[in-house]
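Full structure from sequences and hints, please.
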Amino acid sequence: SQLREHLLDASKGVTTETDKEYRRLMDQCVKFLKANKLIKEEDKFFSKSPSELAPVCICSWIMHECDELDIDGTEKHHTTFRASYNHAQKMRAAMTYAVGRLYGPGSLPWHESESTGRMVGNPSVSETTYLFQVRVGEPATSARAITQVPKTNCFTCSRKAIKEPHEWGGARARRLLTLAYVLAFLCLLRFDEVLKIQIHDIEWVSDTCIKLTLPFRKTSQFGGVKPFYLHLFPPHLAHLCPIRAVANWLDVSDIEDG
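Taking the working numbering, I'd label the letters of the sequence shown as residues -14 to 243.
Calculated from the structure, these hints are not laboratory results.
Model, not experiment: these values are computed from the prediction.
Here a beta-carbon is modelled for each residue, glycine too, at the ideal position from N, C-alpha and C.
Hints are supplied without guarantee of correctness; some may be wrong.
Claimed, not checked - DMTMM-like cross-link-like pairs, simulated, lysine to aspartate or glutamate; straight-line CA separation at most 20 Å:
{"id": "1", "residue 1": "K16", "residue 2": "E37"}
{"id": "2", "residue 1": "K16", "residue 2": "E26"}
{"id": "3", "residue 1": "K196", "residue 2": "D236"}
Said to hold, decoys possible - Computed spacing ranges between beta-carbons, pair by pair:
{"id": "4", "residue 1": "T64", "residue 2": "D12", "range": "39 to 49 Å"}
{"id": "5", "residue 1": "P220", "residue 2": "L162", "range": "45 to 55 Å"}
{"id": "6", "residue 1": "S191", "residue 2": "E60", "range": "56 to 66 Å"}
{"id": "7", "residue 1": "T64", "residue 2": "A20", "range": "18 to 28 Å"}
{"id": "8", "residue 1": "L162", "residue 2": "D12", "range": "39 to 49 Å"}
{"id": "9", "residue 1": "D57", "residue 2": "A223", "range": "25 to 35 Å"}
Given below as structure tokens:
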């Protein structure tokens, strides 16, 4: 009814611009499905009673746009444009919105009705779409975490002389970044925590040990953060050594306090 349409429009839950973007993606999806004969020309893909193949259709569309494999299972040529993982998430969000908000099921998971035996709910909230998103997604955060190999490269680069005047980063910038990476790596710090460190937060306990007292930490925002005691590393771990990193930075920066 007209009243229901007005209520749905008032409670769509997204901005006008987002609604336009989602509707554009809906049209794009329908065109893809018809062009690849996944639905008939006269079929209405978005409806109150989606097809049982709706999750497969959604995944096929996302796969075509974002995955390294095409919908026929062949690997795409390296020159073929692929949209980002973030765009794939937006595509799925558009599908969830299209069926859930515009046609009623909301975020009810896709499942078989006990009374009718038909598939009901939101096909975008299904095991098929969930598993596909995981497969084409970015690596887990732990897999992208910095390791000793890039730290070694960073340390080596920071000690090189600048050969070309247009190369970014002088001695100070490179040694400062090395120090920041070392402290973040050893103390498991977020970068907003690292960027708040000042020279007076670092105290020399001895020639081979420093004490780092954080002024702020996400998990202890009201103070009381226990200090880190960082010691001199052996030569083969020079790229991870906090003593060398601090000393190198102080040597080129001429900072004594602040």
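Hints versus structure:
Among the hinted pairs, K16 with E37 is consistent with the structure: their alpha-carbon atoms are about 19 Å apart, no more than 20 Å. Restraint check for K16 and E26: the C-alpha separation of about 9 Å stays at or below 20 Å, so the hint holds. Restraint check for K196 and D236: the C-alpha separation of about 19 Å stays at or below 20 Å, so the hint holds. A hinted range of 39 to 49 Å for the beta carbons of T64 and D12 is inconsistent with their spacing of about 27 Å.
About 22 Å separates the C-beta atoms of P220 and L162, a value inconsistent with the hinted range of 45 to 55 Å. Range check, S191 to E60: about 57 Å between beta-carbon atoms, so the 56 to 66 Å window is met. With their beta carbons about 22 Å apart, T64 and A20 fall inside the hinted range of 18 to 28 Å. Range check, L162 to D12: Cβ separation about 46 Å, and the 39 to 49 Å hint holds.
As the Cβ distance of D57 to A223 is approximately 52 Å, the hint placing it in 25 to 35 Å is violated.
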